[in-house]
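Since chain A is already given, all that's left is putting chain B with the ligand on it; use the hints.
Going line by line, the protein sequences match chains A and B. Take the first sequence: its letters are residues 48 to 515, numbered as in the numbering used here. Take the second sequence: its letters are residues 985 to 1181, numbered as in the numbering used here.
Hints were generated in silico from the structure; no laboratory data involved. Here the structure is a predicted model, which means the values were calculated and not measured. For every residue, glycine included, the Cβ atom is placed at its ideal position computed from N, Cα and C. Certain hints may be false.
Partner residues aside, some chain A positions facing chain B, computed with beta carbon under 8 Å [claimed, not checked]: (1) P70; (2) T122; (3) K128; (4) S194; (5) H198; (6) Q206; (7) K209; (8) N241; (9) G245; (10) G252; (11) E284; (12) T285; (13) A288; (14) A318; (15) I324; (16) F479.
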Amino acid sequence: MSPKTIFEKIWNDHVVEEEEGKPSLLYIDLHLIHEVTTPQAFEGLRLAERKVRRPDLTFATMDHNVPTKDRFNITDPIAKKQIDVLYENCKEFNITLAGLESKDQGIVHIIGPELGLTLPGKTIVCGDSHTSTHGAFGALAFGIGTSEVEHVLATQCLQQEKPKTLEININGDLPIGTSAKDLILSIISKYGTNFGGGYVIEYTGETIRNMTMEERMTVCNMSIEAGARAGLIAPDETTFAYIEGRRYTPKGEELTNAIAKWRQLATDPGATYDKTITIQANEVVPQVTWGTSPGMGTNIMQSVPNPDDFATKTEKEAASRALDYMGLTAGTLMQDIPIDKVFIGSCTNGRIEDLRDVAKVVKGYSVAPLVNALIVPGSQSVKEQAEREGLDKIFLEAGFEWRESGCSMCLGMNSDVLAPKERCASTSNRNFEGRMGRNSRTHLLSPAMAAAAAIQGHFTDVREWKFK
Amino acid sequence: MEPFKKLTSVVTPLNRPNIDTDAIIPTEFLKRIERTGFGQFLFYEWRFDEQEKQKPDFVLNKPVYEGSNILLTGSNFGCGSSREHAPWALSDYGFKVIIASAFADIFFNNCFKNGILPIKLPEDIVQQLFQKINEHESFQITVDLEKQTISDSQGFQVIFDVDPYRKECLLKGLDDIGITLEKEEKIKQYEGSYIVI
Ligand code: SF4
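With the rest of the complex left out, here is chain A (with noise of 0.2 Å):
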């Protein structure tokens, strides 16, 4: 047989159906949905009287919307009625909820990994973007539309192009003080935001290897902004430690047998790919964005660019609106910008050792006295956990703010937004215009660096902290 890469294994592991000119019919093993993308297509359903083929193979959750502070009461009526309309929905077809009164609640992509839900080889959709996350277990995860929503609880599959192979092979150590964030979003301001258009990314090399799977997590989440279908790392010992013990994972001999069938799960050697990058990490330095869009960022130690810089009329154009839009001057030090609000959290960055990376930092100092900051917690158990190891005691203490898990600040969907022109640090994935509410302006970092601005209230280098 000829080598392979893990994307085409379990590819064809999935395809029901493959027709030239078509296409192809492929088999989805998990579908997780949640209150913003659905109400539509069960909506289809209903007037075309159909049923959701496999409920046990689709779990729910809500998120996008939901308060973080006073949980139960939604004072928005809109979003309360999503969020009812998907208690009533999946009561209706018989779908397993994690509703707002849940353990399990969080962030779909941070609750399906933390439950057992997402292991390697299946095939995950979800209509939200950063389904790309499930990647980091060796799954093929992609975002889908409210469409492809109601086909898949229609049929359990999806029609699918098959996308292109790409491999960003990344070696050597991150620098200390640098994390999975900083290394993702300088590839994303080196690369642009669509070098990964019509690819599916495979992350390979030593220094993936030698990560967490939170900090995978981190790096094929983001794969989305790069403009990849999905990112995909081949499952070994680190996935197989995190996945054993949780909800919905196999045990005793079934996980033996799914193990040795899951180590199967690697690129042969001699597979080609369309396209390879390699990176070295050690050269990685801590993030800022500058810009609008996750492309347009440099490192801490550098300064606003001038838009006469760029190579092409419509890149001098798109900085030149975006500086605008983000009220920076050409040439102020990154170091120099003051902000106004500081958000930790979402599914980019929301995880336990996330809030760790913070405590860190913040421990024994004090939120800067015009910065409001705020800490979100992935999901209820990761809050648990924040707690147990006493962590929100430091964030309380710094004067941060504490809250139950959600979107909250990454999109602005809920209460939860910036004033017009407040400037914010957040660790979410995405800087665009009006994403935090109007005229809001977003600096995507790292969960340190971000905690460190919000000490300092303005951008620091987070490798010359002093750890308290």
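Leaving out everything else, chain B with the ligand in the frame of chain A:
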């Protein structure tokens, strides 16, 4: 879905690269539970000021582009979220064709599922079209899906690529789910042979 065959319309130019789904429809407007009614929020922050008054400079607010069904735009259009609200807003507003040199993957797919034809053209041809609009504000083109051509009344013509399967679905207004459900036997067979761990 309504079939799409041929269309003639004034072309609305929106010459910016990387227009993301949050710009197409800001997240604060995503809370409806219906598929319709999103057009009023299309490009909201560009179209309206803080007092919710139309910004006269923004291209969609210019009277010549009222009722236009074709949007010509910069590369990597539709990047960002997988939310289908973006194509819903575009189609509800009246756009049936979007032309750009590159689209974000998920958005591109979502268009077809909502009766919108996204057309990828080489960057120089896209720029040529922008140039034509510069010279003549109410520049019109005809998009013929059957023949895969874009043409104007002055003899300009280009051929565009479209996936044959997608083309057929659009031309006939076929519903993807219906097509897949006809394969019930194959799906059952697959389910019988493969164990999900
Ligand atoms: S945290 Fe942000 S990016 Fe992640 S699922 Fe929620 S809204 Fe989307």
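(Q) Let's test the interface hint: is any C-beta of chain B closer than 8 Å to that of H198/A? (A) holds (5 Å)
(Q) Tell me if the interface restraint on T285/A is satisfied: Cβ within less than 8 Å of some Cβ in chain B. (A) Violated. Min distance 18 Å.
Q) Is the interface hint for I324/A satisfied, with its Cβ closer than 8 Å to some Cβ of chain B? A) Cβ of I324/A sits 19 Å from chain B, so the hint is violated.
Q: Under 8 Å, Cβ to Cβ, is where K128/A needs to be relative to chain B, so tell me if that hint holds or is violated.
A: For K128/A, the interface hint holds, since the closest Cβ of chain B sits about 6 Å away, which is under 8 Å.
Q: Using Cβ atoms only, decide whether N241/A comes closer than 8 Å to chain B, and label the hint accordingly.
A: holds (5 Å)
Q. Once the shortest beta carbon distance from A318/A to chain B is found, is it less than 8 Å?
A. violated (23 Å)
Q | Agreement of hint F479/A with chain B interface, Cβ distance less than 8 Å | A | holds (4 Å)
Q: Would you settle whether the hint for K209/A is holds or violated, based on the nearest Cβ-Cβ distance to chain B being less than 8 Å?
A: At about 12 Å, which exceeds the 8 Å cut-off, the nearest Cβ of chain B leaves the hint on K209/A violated.
Q.
Does the closest beta carbon of chain B sit nearer than 8 Å to the beta carbon of Q206/A?
A. At 6 Å from the nearest chain B Cβ, Q206/A passes the 8 Å test, so the hint holds.
Q.
The hint names S194/A as touching chain B; please verify it with the least Cβ-Cβ distance against 8 Å.
A. holds (4 Å)
**Q.** chain B contact restraint on E284/A - CB to CB distance below 8 Å
**A.** This interface hint is violated because 18 Å lies over the 8 Å limit.
Q: Double-check G252/A for me: the hint is only fine if its C-beta lies closer than 8 Å to a C-beta in chain B.
A: Status violated, d = 25 Å.
Hints 2, 7, 10, 11, 12, 13, 14, 15 from the earlier list are contradicted by this structure; the remaining hints agree with it.
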